[in-house]
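**Student:** Sequence:
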Amino acid sequence: MSLKQNTIRLKQISLLFIIFFSIATCSFCQSMQQPALTFPPSLRLNQLQIIGSHNSYKTGIEKPLWEMIFKRDLAAAKSLQYGHISLTKQLDMGLRNLELDVVYDPQGGRYEDPLGLKLIEKAGGKPEPYDTANDLAKPGHKVFHIPDIDFRSDHLLFRDCLLALKHWSDANGDHIPVVITMNAKDDNEKGLHELLPFTKTALDSIDLEIRSVFEPDDLITPDLVRGNYPTLESAVLKKGWPLLSQVRGRFLFVLDEKGEKLERYKEGHPSLKGRVMFVNESEGQPEAAFMIINDPVKDFDEIQRLVRAGYMIRTRADADTKEARNNDYTRFEAAKKSGAQIITTDYYLPSKYFSSPYKISFDSGIYVRKNPLLLKIKNLH
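Using this note's numbering, read the sequence shown as starting at 468 and increasing by one per residue.
FYI, nobody ran anything at the bench for these hints, they're computed from the structure.
Simulated restraints on C-beta separations:
1. 740 with 716: 22 to 28 Å
2. 658 with 775: 43 to 49 Å
3. 593 with 752: 50 to 56 Å
Source: prediction; values computed, not measured.
Glycine residues also receive a C-beta, built at the ideal position from the N, C-alpha and C atoms.
I would like the entire structure built from these sequences, with the hints used as guidance.
**Tutor:** See below:
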């Protein structure tokens, strides 16, 4: 074979490889995409049931560090043995609930050089690259699970998480609303980086960061839902949640806190007037609209009662990797039947850390459906 013929043959092989690779890649992309779903224009936001992810930003603990934790505390290590694909890939799959944990860092630099990296080096290992963009030196809320231990995140900066969501939304403008639950973390553990408290100023800054990325028309806010009603609770119980057709392409944020942090966030904002986030508030309070009740087995009847009344509820299909390890769907089945509008899981994909077929979705592999409990009720609001 001549040099020219050999060159032509190599080009043909390369072209075939490119075509094959492109087809395979497209097939993978399609497998990650949620099938197109249509809903009647009369359907309200709370008449959906969606599956989302828990600690959605968490990419997992690298193996050497996890093994150190395993040797010291088997139960704790097992509970931390999960991780997620990127936030936008989760949305591409069809998940419509994400959870973000933020820590307060107004000056920047507080959480640089996590202890876990030093422990790996001390043991003779080489940590995977971390914070190569030097994001932890920048001011603003940071996103991770546990400082020094479970600190790897899809985006370390809260603002970068928001920007990724905004860009995805702009490219998928008619999407089902995405619910983002938020934890403002300030509980300290001995020996780890000290977390700054979420004062009222710190809580205000969460709203400010969200508003710095999202336009008013990108958000479902308490003001939007309350309208002319005297309280947020009276609005959801009497008027109901917005029509799905009116709030497509938007995000709804929820502050998942109780006690002093909840009171600080409400202070000066009766019925959450002017606030970005809904709150996890108890029935009978002016701000009650969205509640987080994590055990759908123990609290099954209560969840059903609250959903029928008009509240939105988030619950969990699994926790601490236990259901996944045992391939146990009891909790998920209860969550579905409870009518809770949002069901979170760590396993919309099977675990990559241990062998188990456990995987959460509705029938036909979808993550959004009409809420079967509420559709039995005629003329809901």
